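Please take these sequences and the hints and turn them into a complete structure.
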Amino acid sequence: MIENRPFLTFMAHTVLILGVIVVAFPLWLTFVAASHDAVRMSELPLPIWPGTHFFENLDVVLNKGLWGGDGVGVSYMLVNSMIMALMIAFGKISISLLSAFAIVYFRFPFRMGFFWMIFITLMLPVEVRILPTFEVVANLGMLDTYWGLTVPLIASATATFMFRQVFLTIPDELLEAARIDGAGPIRFFIDILIPMSRTNIAALFVILFIYGWNQYLWPLLVTTDQDMYTIVMQIGRMLEAGESVPQWHLVMMTTLLSVLPPVAVVVFMQRLFVQGLTETEK
Amino acid sequence: MLKRVHFGPSALPYLLVLPQILVTVIFFIWPASQALYQSLLVEDAFGLSSKFVWFENFEYLFEDPYYWGSFQRTFVFSFLVASLSMGSALLLAVMADRVVKGSGLYRTFLIWPYAVAPAAAGALWFFMFNPTLGILPYVLQFIGYDWNHKVNGTEAMALVIFAASWKQIAYNFLFFLAGLQSIPKSLIEAAAIDGAGPGRRFWTIVFPLLSPTTFFLLVINVVYAFFETFGIVDAITSGGPANSTQILVYKVYNDGFVGLDLGGSAAQSVILMGIVIGLTVIQFRFVEKKVSYND
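First to last, the protein sequences are chains A and B. The first sequence runs 213 to 494 under our numbering. The second sequence runs -3 to 291 under our numbering.
If you are wondering where the hints come from, they were derived from the structure by calculation, not from laboratory data. Note that the structure is a prediction, hence the values are computed from the model and not measured. A couple of the hints might just be wrong.
Said to hold, decoys possible - One-sided and incomplete, this derived list gives chain A residues near chain B with beta-carbon spacing under 7 Å:
#: 1; residue: Glu215
#: 2; residue: Pro218
#: 3; residue: Leu230
#: 4; residue: Ile233
#: 5; residue: Val316
#: 6; residue: Arg319
#: 7; residue: Leu429
#: 8; residue: Ile447
#: 9; residue: Thr467
#: 10; residue: Val478
#: 11; residue: Met481
#: 12; residue: Leu484
Said to hold, decoys possible - A few chain B residues that face chain A, going by a derived Cβ cut-off under 8 Å, partial list only:
#: 13; residue: Pro27
#: 14; residue: Val72
#: 15; residue: Phe75
#: 16; residue: Val254
To be verified - Distance ranges between label pairs, derived from CB positions:
#: 17; chain 1: A; residue 1: Ala476; chain 2: B; residue 2: Leu132; range: 26 to 32 Å
#: 18; chain 1: B; residue 1: Gly270; chain 2: A; residue 2: Glu388; range: 58 to 64 Å
#: 19; chain 1: B; residue 1: Asn239; chain 2: A; residue 2: Ile402; range: 35 to 41 Å
#: 20; chain 1: A; residue 1: Gln438; chain 2: B; residue 2: Asn239; range: 28 to 34 Å
The beta carbon of each residue, even a glycine, is placed where N, CA and C say it ideally should be.
Listed below in structure tokens is the structure:
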């Protein structure tokens, strides 16, 4: 604090509280909608305080399914989303650790060629090359599989770059010492490099988990089998169907379920999240 | 770039880069070159034969008023998303930098929308502004305003902009706050002793010193608005009404997968790749200046 101006401090708190309310208001309405029954959710004006049907709606959405209850809830979609997010996060981290290790610690022909090849991928998000990538996945017979959902998304230059930066800050003396003690490259990688970059790995994991969980367009294209749907895709499908048979209490409950896991990750692992965001700068 | 001390030649480094290179070639370089190639072809209506037509697809695109309309909309959209989101994030960051008590708590309550999926963000805002049942249209009708984004294109665009900016405030807030906290307090104290008030200190010292952060965020926000808002548009409007929210990324998808115009969609992909590469180069030239690599 530079100087004491009680009025400005009061203003600052007011603006921040208003900001928090505006930012949180959409999620609050979702929670409220998810806690009322169908009758209340079709009367104007809609409620702004929670009702008493929260757990009942939760049960219907998770176990019975929507629109008359065909017996299939969305719980398996939560599992699919979880598998997809974990596979993308683990996959990206593993292949990036390996390639960053090779590029920083080995001298070999075409080293820079490989580096630039990885660099190019930084430039092309899946949205801009969507059709040809879809064709490749279809030709490889990977539609409706977890591999098709995740592998095309795990090549990422961002993670390789970050690990390269981390490895470059690790003192050379460590490698010299390890070699004197007779450690080979693999031993050095597993016993020294990975333990030394574990907070970076954890921070990246948080960011990649959110990235994987929130994928929308890609799962929409590569899955046609209902068993492979993810929870985020389901939102789009329900909004379309919701126009004819509005069941807002169930639609918003599903939305709430899709939002909670990644939000919980951000809130409870805030330090790692902020570190991951600033290190990858995206 | 390479360590002074490193391992000798062997086959191992090739095995280490192999997974990354395989994925890159199969899912990035091959499809991108396919898009380049397809953008020069025209297929017949049944997809049985195709003809090499050089740049006809591009010429056709540039003469297409719908494509120009989409281009224009994308620019307006990303400009408004970037300004709305960065403006509100800067205001909140300046306030959070000022308060001593509770700034950690405010941060927690402001950064969570980062984790909300674009499609889910679309659902939240769609519900809030639903023309028949939504809370805000209900309130608006009392001041005589009839909100219906399913019919009115401007309102649809506004809604998509609100949802996209809302989601991005978290990211901008974190970077602005970090930027503010890295400004030396002694500069601001000196200005305060010279009699500059808080407003003057902000505009003459803080804001200019923040400009690297602001520029970095501007690029990031434009990239975000261009490429990561597909889910928001699809959930809220599906590009409608009457194409009024059809931004470029949505049009690539729509022409390719719904309209099955492979050549046209590929040509649009190529143009988008050009835009991404341009933005990435701008971003890297800037980042290079700030970060020095130890090669």
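Here is what the structure says about each hint:
| no. | hint | result |
| --- | --- | --- |
| 1 | Glu215 | 6 Å, holds |
| 2 | Pro218 | 12 Å, violated |
| 3 | Leu230 | 9 Å, violated |
| 4 | Ile233 | 9 Å, violated |
| 5 | Val316 | 6 Å, holds |
| 6 | Arg319 | 6 Å, holds |
| 7 | Leu429 | 5 Å, holds |
| 8 | Ile447 | 5 Å, holds |
| 9 | Thr467 | 5 Å, holds |
| 10 | Val478 | 4 Å, holds |
| 11 | Met481 | 11 Å, violated |
| 12 | Leu484 | 13 Å, violated |
| 13 | Pro27 | 4 Å, holds |
| 14 | Val72 | 19 Å, violated |
| 15 | Phe75 | 20 Å, violated |
| 16 | Val254 | 12 Å, violated |
| 17 | A:Ala476 with B:Leu132: 26 to 32 Å | 28 Å, holds |
| 18 | B:Gly270 with A:Glu388: 58 to 64 Å | 46 Å, violated |
| 19 | B:Asn239 with A:Ile402: 35 to 41 Å | 55 Å, violated |
| 20 | A:Gln438 with B:Asn239: 28 to 34 Å | 31 Å, holds |
Comparing the model with each numbered hint stated earlier shows that hints 2, 3, 4, 11, 12, 14, 15, 16, 18, 19 do not hold.
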